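Kindly produce the complete structure, drawing on both the sequences and the hints.
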Amino acid sequence: MDHSSLAGRIFRGIALALVLVFFMFPIVWILLMSFQTNEQILRIPPRILFEPTLANYEALISGQLRTAAGNLQIEFMRNLMNSFVLSSASVILALLLGVPAAYAFARFKFRLGETIAFTLLSFRFAPPLLVLLPLSLYYQQLGLNDTYFGIVWVYQLIALPLILWIVRGYFEDISPDIEHAYRLAGHSWREAFTRIAVPLAGPGIAAAGLLSFIFCWNNFVFALILASADKQPVTVGALAFVTASGIQYGQIAAAIVLSVTPTLLLALYAQRYLVEGLSLGAVKG
Amino acid sequence: MARLELKSVGKSFGAVSCARDVSLAVEPGEIVAVFGPSGSGKTVLLRMIAGMFEPDAGDILVGGRSIVDAPPEQRGIGMAFQNFALFPHMSARDNIASGLRASGAADIAAKVAAMSRLLKIEHVLGHRPRELSNGQKQRTALARALIGNPEVLLLDDPLRNVDAKLRYEMRLELPSLLRRSSAAVLYVTQDYREAMAIADRIAVLINGRLVQVARPEEIYARPASVAVARLFGDPSINLSEVAPIAEQGRLTAVVAGTPIRLDADHLPTDTRERCWLGVRPDDVVVTRQGGEGTIPARIVAITPLHERAVVLLRFADGGEWLAALLPEALDAGADEDVFVRFAPEAALLFDHATGERIGVSPRRQAA
Amino acid sequence: MSMAQLVETEAAPRRTKRWRGRLLPYLLSLPALLVCIAILVPFVTAAVYSLQRYRLNLPYLRGFIGVDNYIDFLSDPAFWNTLKISLVYTAVTVIAELLLGLGIALLLRRPTRFHNAVSIMLLLPLMTAPAIAALMWKLMTNPSFGILSYLVGLLGVHDFKWASDPSTALFTVVLVDVWVYTPFIMILLLAGLRSLPRQPFEAAALDGVPASFVFFRITLPMLAPYIITASLFRLLDSIQQFDIVYAMTQGGPGDRLMVFQVQAYLEFFQYTNVGRSAALLMILWLITNILSNIFIKNWLRLRARAHGHA
Numbered sequence: 001m002d003h004s005s006l007a008g009r010i011f012r013g014i015a016l017a018l019v020l021v022f023f024m025f026p027i028v029w030i031l032l033m034s035f036q037t038n039e040q041i042l043r044i045p046p047r048i049l050f051e052p053t054l055a056n057y058e059a060l061i062s063g064q065l066r067t068a069a070g071n072l073q074i075e076f077m078r079n080l081m082n083s084f085v086l087s088s089a090s091v092i093l094a095l096l097l098g099v100p101a102a103y104a105f106a107r108f109k110f111r112l113g114e115t116i117a118f119t120l121l122s123f124r125f126a127p128p129l130l131v132l133l134p135l136s137l138y139y140q141q142l143g144l145n146d147t148y149f150g151i152v153w154v155y156q157l158i159a160l161p162l163i164l165w166i167v168r169g170y171f172e173d174i175s176p177d178i179e180h181a182y183r184l185a186g187h188s189w190r191e192a193f194t195r196i197a198v199p200l201a202g203p204g205i206a207a208a209g210l211l212s213f214i215f216c217w218n219n220f221v222f223a224l225i226l227a228s229a230d231k232q233p234v235t236v237g238a239l240a241f242v243t244a245s246g247i248q249y250g251q252i253a254a255a256i257v258l259s260v261t262p263t264l265l266l267a268l269y270a271q272r273y274l275v276e277g278l279s280l281g282a283v284k285g
Numbered sequence: 001m002a003r004l005e006l007k008s009v010g011k012s013f014g015a016v017s018c019a020r021d022v023s024l025a026v027e028p029g030e031i032v033a034v035f036g037p038s039g040s041g042k043t044v045l046l047r048m049i050a051g052m053f054e055p056d057a058g059d060i061l062v063g064g065r066s067i068v069d070a071p072p073e074q075r076g077i078g079m080a081f082q083n084f085a086l087f088p089h090m091s092a093r094d095n096i097a098s099g100l101r102a103s104g105a106a107d108i109a110a111k112v113a114a115m116s117r118l119l120k121i122e123h124v125l126g127h128r129p130r131e132l133s134n135g136q137k138q139r140t141a142l143a144r145a146l147i148g149n150p151e152v153l154l155l156d157d158p159l160r161n162v163d164a165k166l167r168y169e170m171r172l173e174l175p176s177l178l179r180r181s182s183a184a185v186l187y188v189t190q191d192y193r194e195a196m197a198i199a200d201r202i203a204v205l206i207n208g209r210l211v212q213v214a215r216p217e218e219i220y221a222r223p224a225s226v227a228v229a230r231l232f233g234d235p236s237i238n239l240s241e242v243a244p245i246a247e248q249g250r251l252t253a254v255v256a257g258t259p260i261r262l263d264a265d266h267l268p269t270d271t272r273e274r275c276w277l278g279v280r281p282d283d284v285v286v287t288r289q290g291g292e293g294t295i296p297a298r299i300v301a302i303t304p305l306h307e308r309a310v311v312l313l314r315f316a317d318g319g320e321w322l323a324a325l326l327p328e329a330l331d332a333g334a335d336e337d338v339f340v341r342f343a344p345e346a347a348l349l350f351d352h353a354t355g356e357r358i359g360v361s362p363r364r365q366a367a
Numbered sequence: 001m002s003m004a005q006l007v008e009t010e011a012a013p014r015r016t017k018r019w020r021g022r023l024l025p026y027l028l029s030l031p032a033l034l035v036c037i038a039i040l041v042p043f044v045t046a047a048v049y050s051l052q053r054y055r056l057n058l059p060y061l062r063g064f065i066g067v068d069n070y071i072d073f074l075s076d077p078a079f080w081n082t083l084k085i086s087l088v089y090t091a092v093t094v095i096a097e098l099l100l101g102l103g104i105a106l107l108l109r110r111p112t113r114f115h116n117a118v119s120i121m122l123l124l125p126l127m128t129a130p131a132i133a134a135l136m137w138k139l140m141t142n143p144s145f146g147i148l149s150y151l152v153g154l155l156g157v158h159d160f161k162w163a164s165d166p167s168t169a170l171f172t173v174v175l176v177d178v179w180v181y182t183p184f185i186m187i188l189l190l191a192g193l194r195s196l197p198r199q200p201f202e203a204a205a206l207d208g209v210p211a212s213f214v215f216f217r218i219t220l221p222m223l224a225p226y227i228i229t230a231s232l233f234r235l236l237d238s239i240q241q242f243d244i245v246y247a248m249t250q251g252g253p254g255d256r257l258m259v260f261q262v263q264a265y266l267e268f269f270q271y272t273n274v275g276r277s278a279a280l281l282m283i284l285w286l287i288t289n290i291l292s293n294i295f296i297k298n299w300l301r302l303r304a305r306a307h308g309h310a
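Residue numbers (the working numbering), protein chains in the order written: chain R, 1 to 285; chain P, 1 to 367; chain E, 1 to 310.
These aren't lab readings, by the way, just hints derived from the structure by calculation.
Predicted model only: the values in this text are computed from it and were never measured.
One or more hints might be untrue.
Each computed DSS-like pair below joins lysine-lysine, with the alpha-carbon atoms no more than 30 Å apart [as the list claims (entries may be wrong)]: (1) R:K109 <-> E:K297; (2) P:K165 <-> P:K111; (3) R:K109 <-> P:K7.
Label pairs and their computed distance ranges (CB to CB) [claimed, not checked]: (4) P:P344 <-> R:K109: 49 to 57 Å; (5) E:H115 <-> P:A301: 55 to 63 Å; (6) P:N134 <-> E:V88: 55 to 63 Å; (7) R:A55 <-> E:Q270: 32 to 40 Å; (8) E:Q270 <-> R:T115: 32 to 40 Å.
Covered, in the sense of this in silico footprint (three residues per stretch, anywhere, with C-beta under 8 Å from a C-beta of chain E), are these stretches of chain R [what the hints assert, rightly or not]: (9) 97-105; (10) 211-223.
Beta carbons: idealized from backbone N, C-alpha and C, even for Gly.
And the structure:
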């Protein structure tokens, strides 16, 4: 394969460098901004070298933002906490609901199972507002609007198809005879499920769980419609924050950094499984 | 120990019928091989006994009790799978011990040690399945099936996925190993030699139907039908269409233009319009001497097979037979004209329409 | 006890046991079924709304009006604008991301440690929340201090207004979309490229076949299922893009970026016209449903291959 000429290799090197700059620069630049004061940010021309400050993060953590109009109380940390609560609860619920269902779909061929699996899959690609807008009216009637439970429930639309289809693939890859052998050794189907099927599908369950967490965390539109300020996750909170804090750009950058750090760390940790997860198990990395 | 009994078991998947009216009893300590071509329903039969499929009809009894409604874990069955089906995340030791632990047995370590010594896998007990060779996997799977002293032992083509040398060794070892357990053993195989080497009786399954259940040598010598005769023997049985005529209580058939006397106790004595005459290649004698009861033929080709020479013979009417001979018993080469004969005792006659063997079975003769 | 009674008492537990065994898969999938129903009920509701005159601020006027909401769209320039913008946005982003993603995948094809490190780094934009990514680019394209505004200034382009100028707004939002989603196509195609059998390439190399021929006649056709699946994935997401557009411009400037879901959102919350909003979303659903049917067929084929039961 690799009989490339010197010119070819130089071309590839330059192309890769450009790719890296385009995709990495925004992350690096925002990270740098988050350690700068507003004066440093507004300086023209911008400088790479500056004296870093933690003031932006301190302001965010204390919830006291200095703005031109005086001190402003914004509980960005609460948004961060909401994101943790909503995403974790959604993933735990989706795993509890989804793993047994994925097992049923993989092991028993029954029509209702296929119908459910494909309905969830096709709604993964339907416009979310189509479901969300009528749901918001129902939620108002049911009193579920602006509750953690209500939001966690709609997050199942994100997490459940992912978990169902990825974990189902892993269950299908386990020979049913292994479970049969375990049952003949004197174990109930429940024991075969928890001690054979679940451990063997472990990597898939972990991957699906991590990926669902990331997608729930990154979701914007669900909470935009269903949550008010004190239940909002960071994605919606950050937008509100931009409006509220006005020109405190360093603090905005710090808020962005805090919002994306958890998912980026998880993504790096789970990168082995991401290919499979992103394609819902259609491509193995 | 208990007897395994299948009573008119039936099973179909959609339009495909996998078991039709299958009745079979296996005594404790007996090894019955279920033998048949692939797709004949052998594995489905085992899986119904193990509780992975539910029979549509009939009943399955162990020690006189019906087990069809019991879940697999309560059936007292040990099973070895074709693909081994070891628990990949457990060591060989834990694989073997899993059943004992589930039943809360005592002296688990000692039992595992004894079983693994018997199967010569003590040195790999700490290994995970993926670190084992196929032979070791297969022995681990057998140990796992045997260790709980099950009343019924099911072996689903356990030698299919091991290499030829090991398969040969295991064929010698298995019968004594299985008999130690005094379980009722059903052994599925696609290899008639394996069935004959291991089993006390062979149950021949074709298209979901049991067509013959008998001792190995009986099935070989007196197959119930053309289909069974074809399945046993390599090279497979020679078949010629004949119309035997009874003369003075003796049957004569014209084979390739030569009248041959078919005078043996197991053969019928009345005239038939159309029959298949079957003679196993092992029973065909090739000589240079002609004479009464010999059929002239020409040697078309000679191939070695299992230390024997397989000779392809062509008769004047174009019909072809195979003869399997010891090489030293053959004193002719390819393209030479020879004579073929066979003892009447070796001849089998089958009904042309139904394929069933005509004549008297040895057991009825004795009676 | 008579024979008949004996049979009765034995048969009864037998039937219940079997019945329970058959029920198991349904019990296991019951929660998933509930979620399904929780999706389908609002979906049907939306379909019903789309046939109604339904304004939240004028509840007394609510009533069934058949397909009037849809017919109104035919003569409504705002609808045609939405359709046009959505299609243009989708076409531009998918084509750009596909070409760029394929190019990068080819660059990273050999699994060296450096290439793997690069491909992992490229996951980071994809794992950034799109709404947050839009904010990042907003900071970088700020006219007064944004680094990108400064850089284009160095190139002699002054007063480049990025998302706030109608003529460059689409370009800016597409740029963010490309930044976030190109890695998606890249990693799928990279996995596809690396899973291709080697023999055809080795044979071509031995025969001295030119690289362009290898690419167009061997690589591309073999990669086709991956390309189709990745593009359809993106096509389906892109035509529904909401987060980036909303966070960046809320559909503006003017109606320059009024894509379907943003328009529907504003119809609902700003103009409180539930009927129109629902009709708009039903049209979008129709488009995505056709696409997703094609998609699912392709995806199932790839999935069967990945799990070795093709």
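Go through the numbered hints given earlier and state which of them the structure violates, listing their numbers in rising order. none
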